[in-house]
Amino acid sequence: MSRSGMHSICKWRLPLLLALLAHVCSGFYLPGSYMHTYSTHDKIFAKVNSLTSIETELPFSYYSLPYCQPPEGVKKSAENLGELLMGDQIDNSPYRFQMNINETVYLCTTVALKDHQVKLLKQRTRDLYQVNMILDNLPALRYAKQNNVNIQWTGFPVGYTPQGSNEDYIINHLKFRVLVHEYEGSGVEIIGTGEEGLGVISEADDKKKASGFEIVKFEVIPCSVKFDPDKMSKHKMYDRIDPVTCPAEYDKSQIIREQERVSFTYEVEFVKSDIRWPSRWDAYLQMEGAKVHWFSILNSLMVIFFLAGIVFVIFLRTVRRDLTRYEELDKEAQAQMNEELSGWKLVVGDVFREPECAKLLCVMIGDGVQITGMAVVTIVFAAFGFMSPASRGMLLTGMIILYLFLGIFAGYVGVRLWRTLKGTSEGWRSVSWSVACFFPGIVFIILTVLNFLLWGSNSTSAIPISLYFILFALWFCISVPLTLLGGFLGTRAEAIQYPVRTNQIPREIPARRYPSWLLVLGAGTLPFGTLFIELFFILSSIWLGRFYYVFGFLLIVLLLLIVVCAEVSVVLTYMHLCVEDWRWWWKAFYASGTVALYVFLYSINYLIFDLQSLSGPVSAMLYLGYSLIMATAIMLSTGTIGFLTSFYFVHYLFSSVKID
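Numbered per mature numbering (1 follows the signal peptide of the UniProt record, and there is no 0), the sequence shown spans residues -27 to -1, 1 to 633.
If you are wondering where the hints come from, they were derived from the structure by calculation, not from laboratory data. Glycine included, C-beta positions come from ideal geometry on N, C-alpha and C. Treat the hints with caution; some may be incorrect.
To be verified - What follows is a list of derived Cβ distance ranges for each label pair:
| no. | residue 1 | residue 2 | range |
| --- | --- | --- | --- |
| 1 | K48 | N431 | 17 to 25 Å |
| 2 | K16 | G525 | 33 to 41 Å |
| 3 | S37 | I469 | 54 to 62 Å |
| 4 | D583 | P483 | 41 to 49 Å |
| 5 | M210 | K245 | 24 to 32 Å |
| 6 | N120 | E28 | 19 to 27 Å |
| 7 | N120 | D224 | 22 to 30 Å |
| 8 | S184 | F445 | 46 to 54 Å |
| 9 | K16 | Y223 | 30 to 38 Å |
| 10 | V353 | R480 | 43 to 51 Å |
| 11 | F417 | I228 | 43 to 51 Å |
Take these sequences, add in the hints, and give me the full structure.
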């Protein structure tokens, strides 16, 4: 779907509702796409996306290279916010087909290549840049053999360099294979394409009118062919030519060299297929290298569930025994016990003492609530299929919209915690503004630094100035007002009352053999154990161009992560209270929040060992910048989960103690 802003939502809401009603009895269709049926001789237009490479991670415009341009000129497709931020630039292309018409077609012959064009083509070839084509919302698939194993990729290379050679050859002839499924009409006619996200549904006069052919697969075989430029330039664009055979000899391939004139041609073959429309994305979701190791994930989940269960049971029994023993004593015995025993009962007058940097804690908790809510809602929607790979950019767009509107909860939680710590609402506006600007500010600073690097590289992933203004407008016109509204509601809500009084003089904390932060750092390993397998596949989908589609498992991992973060933080808080350390606030936050440190270290490990092909300082800076944003979001989210659980645990624990 490629419409931006709220205009997009209004555009597709009605067609989607109609589609759901029309297809109650017709089967399931992938959310985010609309079936488009074609009749024989109908024109089909292919589109091109940005050139991409796993070597550099810097996308570039397709027309930055000397390719043939469509006769009507280059026109950009409407893109949503997510596509723009991901660097997608979808343009029209000169490649156009007629349904069920097999033909070989001439496109154009370039003028003699100049020095700067040759250097650019060679650089893009050696950086392994891929051309990404789209037909009826399906990316082009290419099959290759590597070590006698069939591998499939999306897109095709700009060119290739033979092993042991210094010469480069450009891909200038494409063999397209379009698989079509004959659709039997059911009295419902669907008009529109999945690319544009439009659907108009009407009753067909008869079943034949609604019948046609659906495109269910789009394959490409790239070739480099040396044509006679003088002979080829006599043709006009879209003239039919004799079939072309892909040469095996390099001397018959088109070399990239100064003063060379390159002719571009293509051929298309339509093949009937039994693949049905709802299954047409299966080939992409089962790509080699992107299959999920189901057994490994299940094994990890079982181990973590078992370990967390043991920790929880032991902890529950220990706390219950302490409370039971304490409550069975009379007041005189309790007073004597307080004098004789050490433990969490001795910090009753200090446990709710205001922590250091209280405002920062409230701000981070508010932002953590916002990020956690965004993650949970997004993954739930994705798990139910509402954010499919057919809807490019919708996942990121949905996350941004959710984050903006969840600002009201961030402001409410941050200000209510501030009131609880301070006992007054004074300063709530400052807290609300800080909540609204803390995490987005970090993201904007990192993105601005990275954007200067991308602007210097002329990459399509550089955020244009106009988009910066749009993001700032969304931030200050939606997120900030909602956060301030949430803060105002937080001042009206009843403050959380502490069950015990706080002493005027702080209690001295006994010396310890080892720093308490060492235990906090170690606590992050358990939540990380629930994440690291899924983290590998998520990083692969982001940096290696693979499709991530197991959102059901990701939802399970997320729920498990929430449980483990809560348990780890509560256990660590209890351990600190038992050694009379009443400064538990920040330790409760970082007990689960330190998982972000391990995520960032794992990202560096992934960069060194799994992204060995990544070249250039700009690419490495991009990777580390985006990894830092991800780690910060994870820290705020997991830290918030741990802190809120520990807070309510401590409140419950000391509410159970009888105090004079």
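Can you give the numbers of the hints that this structure goes against, from lowest to highest? none
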